[in-house]
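Its first residue numbered 45, the sequence shown is counted upward by one per residue in this note's numbering.
Keep in mind that the hints were calculated from the coordinates and are not lab data. C-beta atoms are modelled at their ideal positions from N, C-alpha and C, and glycine is treated no differently. Accuracy of the hints is not assured; some may be wrong.
[Stated by the list, open to error] 25 Å max Cα-Cα, derived DMTMM-like pairs, lysine to aspartate or glutamate:
(1) 87 x 118
(2) 87 x 147
(3) 87 x 167
(4) 87 x 139
(5) 87 x 51
(6) 87 x 160
[What the hints assert, rightly or not] Here are the computed distance ranges between Cβ atoms for each label pair:
(7) 51 x 143: 22 to 28 Å
(8) 53 x 118: 23 to 29 Å
(9) 117 x 155: 34 to 40 Å
(10) 64 x 127: 29 to 35 Å
(11) 120 x 54: 16 to 22 Å
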Amino acid sequence: MLRLLADVAETVHRRCGAQRLAVSVHQMLTVASAHGVAEPAPKGIHQDGADYIVSALVLRRHGVGGGISRVYHDHGGRLLLSHTLLEGQGLFQPDAGSSLWHEVTAIHAHGESGGERMILGLDVNVLPAGAA
Numbered sequence: 045m046l047r048l049l050a051d052v053a054e055t056v057h058r059r060c061g062a063q064r065l066a067v068s069v070h071q072m073l074t075v076a077s078a079h080g081v082a083e084p085a086p087k088g089i090h091q092d093g094a095d096y097i098v099s100a101l102v103l104r105r106h107g108v109g110g111g112i113s114r115v116y117h118d119h120g121g122r123l124l125l126s127h128t129l130l131e132g133q134g135l136f137q138p139d140a141g142s143s144l145w146h147e148v149t150a151i152h153a154h155g156e157s158g159g160e161r162m163i164l165g166l167d168v169n170v171l172p173a174g175a176a
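Work out the full structure, taking the sequences as your base and the hints as a guide.
Here it is, written out as structure tokens:
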């Protein structure tokens, strides 16, 4: 986790010269029951409202299909990326005020025992240089 935070901070600094960041981390577990479907992000194509995001760092993915991460140019515009993230993979991108929007598709369980997808999301906001 420390390496991820350091990489994100270094990348943001290279992009905009940021000296200070506010980072919030949230965890989401999406569970699909036997042969069922579950929505990881029911809000559809969206922006999170932070300056930069890691929209989904996949910690665990077991017994499921779907969960395809998609990035678009503008809301509902041209599809730029469509990828099923595996454990250890995530997407880092500019968010609020950028032309990038994202979504993730529903997951579906492969069998009788169900399945799950657990992710961490990071919201990264650039703070003014003198902010406390």
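Hint check:
Distance restraint check for residue 87 and residue 118: the Cα-Cα separation of roughly 16 Å lies within the 25 Å cut-off, and the hinted pair is therefore satisfied. Taking the CA atoms of residue 87 and residue 147, the gap is about 8 Å. The hint holds against a cut of 25 Å. Only pairs whose Cα atoms come within 25 Å are accepted, and residue 87 paired with residue 167 is accepted, the gap being roughly 17 Å. A distance of roughly 16 Å separates the Cα atoms of residue 87 and residue 139; the hinted pair therefore holds under the 25 Å criterion.
For the suggested pair residue 87 and residue 51, the alpha carbons sit about 28 Å apart, so the restraint of at most 25 Å is broken. A threshold of 25 Å between alpha carbons decides the hint, and for residue 87 with residue 160 the separation of about 19 Å falls inside it, so the pair holds. A C-beta distance of roughly 23 Å is found between residue 51 and residue 143, which places it inside the suggested range of 22 to 28 Å. Our hint of 23 to 29 Å for residue 53 and residue 118 holds, since their Cβ atoms are close to 28 Å apart.
Checked against the given bound of 34 to 40 Å, the beta carbons of residue 117 and residue 155, roughly 37 Å apart, stay inside it. A hinted range of 29 to 35 Å holds for the C-beta pair residue 64 and residue 127, which are about 31 Å apart. Checking the proposed 16 to 22 Å range against residue 120 and residue 54 shows it is violated: the Cβ atoms sit about 32 Å from each other.
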